[in-house]
Amino acid sequence: MNHLLSIEELDRPAIERIIAEAARFAEVSERAVKKVPALRGRMILNLFYEASTRTRSSFELAAKRLSADVVNFAPSGSSVEKGESLKDTVLTLSAHKPDAIVIRTPWVGSAELVTRWCSAAIVNAGDGKHEHPTQALLDVYTLRGRLGALDGLSLWIVGDLAHSRVARSNILAFTRMGARVTVAGPPTLIPRDMETLGCEVRHTLDELHDADVVYALRMQQERMTQAWVPSLREYATWYQVNARRLRPRQLLMHPGPVNRGVEISGELVDSPQSLISAQVEAGVAVRMAVLYELLAGASGPASSSLRPARPLRSQRQPDPHPQPA
Amino acid sequence: MNHLLSIEELDRPAIERIIAEAARFAEVSERAVKKVPALRGRMILNLFYEASTRTRSSFELAAKRLSADVVNFAPSGSSVEKGESLKDTVLTLSAHKPDAIVIRTPWVGSAELVTRWCSAAIVNAGDGKHEHPTQALLDVYTLRGRLGALDGLSLWIVGDLAHSRVARSNILAFTRMGARVTVAGPPTLIPRDMETLGCEVRHTLDELHDADVVYALRMQQERMTQAWVPSLREYATWYQVNARRLRPRQLLMHPGPVNRGVEISGELVDSPQSLISAQVEAGVAVRMAVLYELLAGASGPASSSLRPARPLRSQRQPDPHPQPA
Amino acid sequence: MNHLLSIEELDRPAIERIIAEAARFAEVSERAVKKVPALRGRMILNLFYEASTRTRSSFELAAKRLSADVVNFAPSGSSVEKGESLKDTVLTLSAHKPDAIVIRTPWVGSAELVTRWCSAAIVNAGDGKHEHPTQALLDVYTLRGRLGALDGLSLWIVGDLAHSRVARSNILAFTRMGARVTVAGPPTLIPRDMETLGCEVRHTLDELHDADVVYALRMQQERMTQAWVPSLREYATWYQVNARRLRPRQLLMHPGPVNRGVEISGELVDSPQSLISAQVEAGVAVRMAVLYELLAGASGPASSSLRPARPLRSQRQPDPHPQPA
Numbered sequence: 013m014n015h016l017l018s019i020e021e022l023d024r025p026a027i028e029r030i031i032a033e034a035a036r037f038a039e040v041s042e043r044a045v046k047k048v049p050a051l052r053g054r055m056i057l058n059l060f061y062e063a064s065t066r067t068r069s070s071f072e073l074a075a076k077r078l079s080a081d082v083v084n085f086a087p088s089g090s091s092v093e094k095g096e097s098l099k100d101t102v103l104t105l106s107a108h109k110p111d112a113i114v115i116r117t118p119w120v121g122s123a124e125l126v127t128r129w130c131s132a133a134i135v136n137a138g139d140g141k142h143e144h145p146t147q148a149l150l151d152v153y154t155l156r157g158r159l160g161a162l163d164g165l166s167l168w169i170v171g172d173l174a175h176s177r178v179a180r181s182n183i184l185a186f187t188r189m190g191a192r193v194t195v196a197g198p199p200t201l202i203p204r205d206m207e208t209l210g211c212e213v214r215h216t217l218d219e220l221h222d223a224d225v226v227y228a229l230r231m232q233q234e235r236m237t238q239a240w241v242p243s244l245r246e247y248a249t250w251y252q253v254n255a256r257r258l259r260p261r262q263l264l265m266h267p268g269p270v271n272r273g274v275e276i277s278g279e280l281v282d283s284p285q286s287l288i289s290a291q292v293e294a295g296v297a298v299r300m301a302v303l304y305e306l307l308a309g310a311s312g313p314a315s316s317s318l319r320p321a322r323p324l325r326s327q328r329q330p331d332p333h334p335q336p337a
Numbered sequence: 013m014n015h016l017l018s019i020e021e022l023d024r025p026a027i028e029r030i031i032a033e034a035a036r037f038a039e040v041s042e043r044a045v046k047k048v049p050a051l052r053g054r055m056i057l058n059l060f061y062e063a064s065t066r067t068r069s070s071f072e073l074a075a076k077r078l079s080a081d082v083v084n085f086a087p088s089g090s091s092v093e094k095g096e097s098l099k100d101t102v103l104t105l106s107a108h109k110p111d112a113i114v115i116r117t118p119w120v121g122s123a124e125l126v127t128r129w130c131s132a133a134i135v136n137a138g139d140g141k142h143e144h145p146t147q148a149l150l151d152v153y154t155l156r157g158r159l160g161a162l163d164g165l166s167l168w169i170v171g172d173l174a175h176s177r178v179a180r181s182n183i184l185a186f187t188r189m190g191a192r193v194t195v196a197g198p199p200t201l202i203p204r205d206m207e208t209l210g211c212e213v214r215h216t217l218d219e220l221h222d223a224d225v226v227y228a229l230r231m232q233q234e235r236m237t238q239a240w241v242p243s244l245r246e247y248a249t250w251y252q253v254n255a256r257r258l259r260p261r262q263l264l265m266h267p268g269p270v271n272r273g274v275e276i277s278g279e280l281v282d283s284p285q286s287l288i289s290a291q292v293e294a295g296v297a298v299r300m301a302v303l304y305e306l307l308a309g310a311s312g313p314a315s316s317s318l319r320p321a322r323p324l325r326s327q328r329q330p331d332p333h334p335q336p337a
Numbered sequence: 013m014n015h016l017l018s019i020e021e022l023d024r025p026a027i028e029r030i031i032a033e034a035a036r037f038a039e040v041s042e043r044a045v046k047k048v049p050a051l052r053g054r055m056i057l058n059l060f061y062e063a064s065t066r067t068r069s070s071f072e073l074a075a076k077r078l079s080a081d082v083v084n085f086a087p088s089g090s091s092v093e094k095g096e097s098l099k100d101t102v103l104t105l106s107a108h109k110p111d112a113i114v115i116r117t118p119w120v121g122s123a124e125l126v127t128r129w130c131s132a133a134i135v136n137a138g139d140g141k142h143e144h145p146t147q148a149l150l151d152v153y154t155l156r157g158r159l160g161a162l163d164g165l166s167l168w169i170v171g172d173l174a175h176s177r178v179a180r181s182n183i184l185a186f187t188r189m190g191a192r193v194t195v196a197g198p199p200t201l202i203p204r205d206m207e208t209l210g211c212e213v214r215h216t217l218d219e220l221h222d223a224d225v226v227y228a229l230r231m232q233q234e235r236m237t238q239a240w241v242p243s244l245r246e247y248a249t250w251y252q253v254n255a256r257r258l259r260p261r262q263l264l265m266h267p268g269p270v271n272r273g274v275e276i277s278g279e280l281v282d283s284p285q286s287l288i289s290a291q292v293e294a295g296v297a298v299r300m301a302v303l304y305e306l307l308a309g310a311s312g313p314a315s316s317s318l319r320p321a322r323p324l325r326s327q328r329q330p331d332p333h334p335q336p337a
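As given, the protein sequences belong to chains A, H and V, one line each in that order. For the first sequence, the numbering used here gives the first residue as 13, with consecutive numbering after it. For the second sequence, the numbering used here gives the first residue as 13, with consecutive numbering after it. For the third sequence, the numbering used here gives the first residue as 13, with consecutive numbering after it.
Accuracy of the hints is not assured; some may be wrong.
Any copy will do: because identical chains look the same in the list, a pair fits if it lies in one copy or spans two.
Derived lysine-lysine pairs resembling DSSO-like cross-links, with alpha carbons at most 30 Å apart [to be verified]:
{"no.": "1", "residue 1": "Lys47", "residue 2": "Lys99"}
{"no.": "2", "residue 1": "Lys141", "residue 2": "Lys47"}
{"no.": "3", "residue 1": "Lys99", "residue 2": "Lys141"}
Since the hints were made in silico from the structure, they are not lab data. Quantities reported herein were computed from a predicted structural model and do not represent experimental measurements.
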C-alpha cells in the first residue's frame, strides 16, 4: 500500500504507528523555526473539488513544515468550467510528477480511482460521504493525548450519520482502537445498516450519560432543504449537545466548522470540556506524519508504505527532526 | 503591544522607527536574490475577507522576502460559505500556530477582536472603515523619501472621507508626523466630527493651491447606488484632481486602485508629480519592517513589540541583511 | 529581446536553443528532490485573467523547480472587480519588482503592451487568439523527443483555427522547424488568409492519411452559442479524430483540456498513439528553460535574452543542475 485512502484498510498497528509518528512531529509546530527538511524538494498537490478552510490549510501547513513544495488546485474556476473530467485533470496533474496528491471530492470512491491514473501517493481528504481518514486519525491522536489508550472507552457520535464521511471513518478507527461506539440521531439520518460498522444505534440522547466522549457531527444546512429533519430548531431541541445534556466529566469533540446553537450550544464550544481546538492542532501533526510515512526515505514518489507488515523503521533513519540548518 | 492594529496607538517615535527599518529593507527588493533569511521558518497567514490585489500581494511579497512561509486564506469560497463565524475561523487558524495573521475584513474593530482569540501577532490590513495602518505608514515613508521631514507640510485629503479607512489612518499619521491636514469633499461624504481627528475641513477645492501634497481617495462605485453623490460625473466636476487644479509644484498621492477620470484625471496618474507607483513600492518595504518588528528576535510568536519604550535595537542583532547563503 | 511574446519573433536557432535547454531540465522532474537553485530569490508573478489549470500550474511548478518564488494573481475576484485597468494592475505589480510576469489575458497584443509598462521579463501565456508561444515550444519539444527532427514531417492541425492562439503559434513553430503544416476544419472556423502563415488549407479530413501527426484543437463550447457550427454532434461527425480516421502509424496531439467525444474520440486520448500526457510533461521542462533563459545569469530583471545572436552560453556557467545542497 502506497496511499492513504481509508481507515477501512488500516489495522490497529498501522494506526498506532501513524499516531506515534505524529507525536514526534507535534513539537515542530512549537518551534520558532517551524520546519524540518524531511521532504525538501518533494512536490505535494492539493486538489480540492470542495471548499475547505480547515483541511486544505492543515495539509498545506503540514507539507510546508516538512519543507515540501505545495501547489493548490481548486478546480472550480479552472478547467472544470471547461468540462474536464476528474480523470483528465488527474492525468494532466500527474504529468507534472507530483510526489503526492491530496484530494477532496464530492464523489464516493474517487480517491481510490485516482490511484489507477497516476503514480503519486494519494491521500484521501474526503471522498463524498465515504471516508475522511486523516480526520479519524487526528481524532484518535487527540483522544490519546488527553485520555491515553482508547480501550474500553465509550464514545457517542451524535447527529447526521447518513451523510458524514467523518462518522464512517471515526467509527472504524475508534472501534479498532478498542473503544465502544454508539451513534445517535434522528431515524432519517441514520442508515439502516449502521450496526455493520460495529457500533450501537440510539435514536435519543437519553443514555448520553454513558459516554466518556461525545462527538457531535456538523448539521449541514443543505440537509434542511432536502427535508431530512423538519427544522434546525427541531433538530437542536432533541439532539443538540449542550450544558444540560453534557456532564462535566464528559469530553466534547467536533470535526468543525461548528454551527453554534445547532448541533452544539455556543458556550460548550469554548468550555474546558471541548477538545475542538486540540483536534485542529492535531491535524497538522497527523498530516505531517502521513505525508512523511508516504514520501520519506524513498527515492521516488510513493515507494514507502503505511502497511504494518513492511519494515519501515529502517527507512526512517536518519532522524526526521534534525535541527534546521 | 504585540500587534499593529491602528495608527491611533502609535506615537511619533514608533512611526519613525518603522520608517527607518523600512528604509533598511528597501534595498532587498533591488537585489537579484530578493531575500533575507530574517524570518525563516515563521508562518504568516493572510486572512482576507475582502478581495485586494495590492495589499494581499504586498504582504505576501514582504513575507517571502523575509523567507517566511505564507498561507493565503480567502474565506469566501471556503467555510464562510458554511456559516463559520470570524471567531471560529480564527480559533481554527490559531490552532495551526501561525506567528502572525494579516487580516482584512469589512467589520470595524475586527482586528482588535482577533487578538483576544489567538496568540499570533495581528496586523490590521483594513477593518471596515476604521483603519488601515500599513497604508498610512507607507504613505509617510513615501513622503519622507521625497520631501524629507513632514513637519509643517500642508496635506490635503480629497474625496470620500466618510467611508475611507485610509483617510482615517492617514490623518492620524500625517498629523503625528507634524503635517497640517485639510480634508475636502462633498458634505455628504465628510462626517460631522471630522475635526476631532485634528484636521481642517473644506467643501470645495478653491484653496487647493495651499497644499504641498494632494491625496485623492478612491471614489467607490457602490456609493453611487447609495446616493451619496448624484453621479460620478457630478463628483468629478467638483472634486476631481486634474491638471487644471493641481499646480506643477504639488505632489499627488492615491491609495489605489485609481478610477482614472473620476477622482484623478488619467494624465496626472502617470505624471512626474504622481507618487502612486512609489507608494506601491514602499508597501513591500514597510510591510517587511512591520513583520520584522513583530516577529524577529523572538523565540515564539508575538513576543516582540512596536512600542517605542522597549529597547528593540539589541534584538535586531545580528544584522538583518546578511548576504543570503 | 528580453521577453517571450510570440513564436513570430523566434527564428529556428532560438527555438532549437530553448528545446535543448529544456532537455537538460527535464530530468530535474525525475529526481526525488525536484529542485535546482538556478533562480533562487527571483520573483515570478503569474497574472492570469483567464482560468487555466494546466498552464498556470505548469509555470508555477517550473518556477518552483528553479527555486524561484511565485506569487499568483487571478484578477477576477480582486481589483478587476473594482474596475482597475490592465495598465494600472501592471504598474502596481511592477512596483513590487518582479523578475518576470507570466501573463494570460483574453486581449490580443496584451503581453506586448505590458512590456511598455514595466521592466520585468514578460512571458506571454496566451493573449486572446493571438499567440501562446510556450505551448508551441512544448509541442516541438514533444515531437522532437518522439520523432527526432521535424524536417519534412506532415502535420495536420484540425478544428477551430479561427479562435485558436495555439494553432497560430504552432503553425509558425512547426513550419520554422521544417515541417509541412496542413490545417483542416469547417469553412466557418478557418480564416480566409490562413495560407499566409505558410500552411495548406483543407475543409475535409479525406486526405488525413497524409499526416504523420494529427494535432486536434479544442472545440470551445461557447462557439456553439455563436453559431460557428450547427452542433457539436455535427462537428464531430465531420471532423472528430477517431480510430476510424487515424491510422496506427499516425501520432495524435492536443493542447488540452480534451472534450472527449467531440474533437477526439475518448479511446484515442488514452491510446499509445496519443502524445497528450507527454505534452503536459514537456510543459514544465520547456517553461523552466524559458524562465532560465530570461532570468539566469543576470544581476537584475530581464537582462538576459532569447535572441540567438547573443552569446548566452557563458552566462550559463556555473552548471544550472548542481546537486542540491
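Do the hints match the structure? See the list:
Within a single copy, Lys47 and Lys99 get their C-alpha atoms only as close as 34 Å, which misses the 30 Å cut-off; across copies the closest is 27 Å, which meets it. For a Cα distance limit of 30 Å, the shortest separation of Lys141 from Lys47 qualifies neither inside one copy, at 34 Å, nor across copies, at 37 Å. In this assembly of identical chains, the alpha carbons of Lys99 and Lys141 lie at most 30 Å apart whether taken from the same copy (20 Å) or from different copies (28 Å).
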